[in-house]
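Each chain, written out:
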Amino acid sequence: MANTLQFDLVSPERKLASAQVTEVQIPGADGDMTAMEGHAATITTLRPGILKAVSPQATLAFAVTGGFAEITASGVTVLAERAIPVSDLTGTLLDELIQEARDLAAMAEDKDAGDKIVNDLQALRYAATH
Amino acid sequence: MPSLKDLKNRIGSVKNTRKITKAMQMVAAAKLRRAQEAAEAARPYADRMNAVIAGLATSVGGSDGAPRLLAGTGADKVHLLVVMTAERGLCGGFNTTIVRLARARANELLAQGKVVKILTVGKKGREQLRRDLGDHFVGHVDLSDVKRVGYVNAQEIARDILNRYDAGEFDVATIFFNRFQSVISQIPTAQQIIPAQPGEAVATNTLYDYEPSEEAILADLLPRGVAMQIFTALLENGASEQGARMSAMDNATRNAGDMINKLTIQYNRSRQAAITKELIEIISGAEAL
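Heads up: the protein sequence lines correspond to chains A and B, in order.
One rule links them: number in the numbering used here = place in the first sequence (from 1) + 6.
At position 196 of the second sequence (counting the first as 1) the number is 178 in the numbering used here, and the numbers step up by one without a gap.
Hint data in this document are derived by calculation from the structure and do not stem from the laboratory.
Be a bit skeptical, because a hint or two may be false.
[As the list claims (entries may be wrong)] On the chain B side, residues computed to face chain A include the following (Cβ under 10 Å):
hint, residue
1, A23
2, A33
3, V34
4, A36
5, T40
6, V42
7, D202
8, M210
9, A230
10, D232
[To be verified] Far from chain A, some chain B residues (derived; all Cβ distances over 10 Å):
hint, residue
11, A48
12, A136
13, R206
14, M241
Since we're looking at a predicted model, the values are computed, not measured.
Heads up, the beta-carbon is just placed ideally off N, CA and C, and yes, glycines get one too.
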């Protein structure tokens, strides 16, 4: 039995998942990372991407659009503004998200950051449908 | 002296009123439970976020590079009051207590020569404030079509406020809402959201690595923090509104019951009086023969 860590995924409206897992793959703003038991304490922001929690029994996968993750040696807490189980993910839903991100990017002062989010979402859309 | 028929009609109408208030009370009770659950469910996220913001704010706060949302504009001239009330009435003092607190604060600020701008959320507060502070309104958020308040609603309000802040429309923002204590007690609360007032950082012995950097994370988190505070306030308000309505309707139901009892006694007395009168007439008629 591999060492496990506590994985929690919370959205503003409710707790989405809480489980003992062996590893968590996080789409960090500076690059993807995998947290396992004993990981150095880290706080990172998320970019839109797929969050995966792997346990011997099952793999939980969620598409997240933003938020941050708090990693400690014994657990990972992900605070996502929006998290959608990958099984519910459809092209149309992603198109809506992309459109929303475009609208926001158009309003934002920081064009680069907005464009980056749109790009990330498009990559996600591509990965999900191919 | 009302006639017997009048009394009977009045008893009937009060009984109908009691039925309505009783039904409203039960609806409020059901809604209250849901609202409380929603408020409960939002707590882990809010707690975590506040803890992280507090931790970051203590380490970044003093430096020059602190984000404007935390450091403020350096001025204290223009205040934005966000007054959150209900869309409906019939909930006791719920709306009035919020409005009273907001009005007191507005008058206090005006007396100090500050500029006051008011953003109303919910119809009732707007109606009550319009008469004496109507000139200060800068916007209104209508939630009457929203069945169940979601994070999206809070995000929209937050976006509006943040855009105004970026445009330099105000220096300090405060939200007014009712904090839910229990069914019979809701506490009107004023909470400053901009510049952010992070709570005391809990001393931990974990030293975090930050990716990308502390400043970048803080800059990313603060707007979310504003949205989350508004969301929490909306949820607290929702629970408070239902709680207030429930106890108001409970009182109304009880009052209606008392009224029915009183009216029934009066009705019985006058009926008895009429019977006695008739008897006296018959007896005195018979004696006269």
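Query raised in the report: Hey, does the A33(B) contact hint survive, CB to chain A under 10 Å?
Result: Since the shortest Cβ distance to chain A is 9 Å, the answer is holds.
Requested in this report: Beyond 10 Å from every chain A Cβ: check whether that's true for A48(B).
Outcome: 17 Å, holds
Query - Interface hint status, V42(B) versus chain A (Cβ within 10 Å) - result: 12 Å, violated
Query raised in the report: Once the shortest beta carbon distance from D202(B) to chain A is found, is it less than 10 Å?
Result: 5 Å, holds
Report task. Measuring Cβ to Cβ, find out whether R206(B) lies farther than 10 Å from everything in chain A. Result -> Contrary to the label, R206(B) does not stay out of reach of chain A, its closest Cβ about 7 Å off (not over 10 Å).
Report task. Verify the interface restraint on T40(B): the C-beta must sit less than 10 Å from at least one C-beta of chain A. Result -> 14 Å, violated
Query raised in the report: Is the interface hint for A23(B) satisfied, with its Cβ closer than 10 Å to some Cβ of chain A?
Result: This hint holds: A23(B) lies near chain A, its Cβ roughly 4 Å from the closest one there, short of 10 Å.
Report task. Return the status of the interface hint for D232(B): holds when the least beta-carbon distance to chain A is below 10 Å, violated otherwise. Result -> D232(B) check fails; min Cβ-Cβ to chain A is 30 Å, beyond 10 Å.
Query raised in the report: Just checking, M241(B) versus chain A, shortest CB gap more than 10 Å?
Result: 43 Å, holds
Query raised in the report: Would the stated hint for V34(B) survive a check requiring a Cβ distance to chain A of less than 10 Å?
Result: 6 Å, holds
Query raised in the report: For the hint on M210(B), does the least C-beta distance to chain A fall short of 10 Å?
Result: 6 Å, holds
Query raised in the report: Against chain A, is A36(B) within 10 Å by beta-carbon distance?
Result: 13 Å, violated
Violated hints for the displayed structure, listed by number in ascending order: 4, 5, 6, 9, 10, 12, 13.
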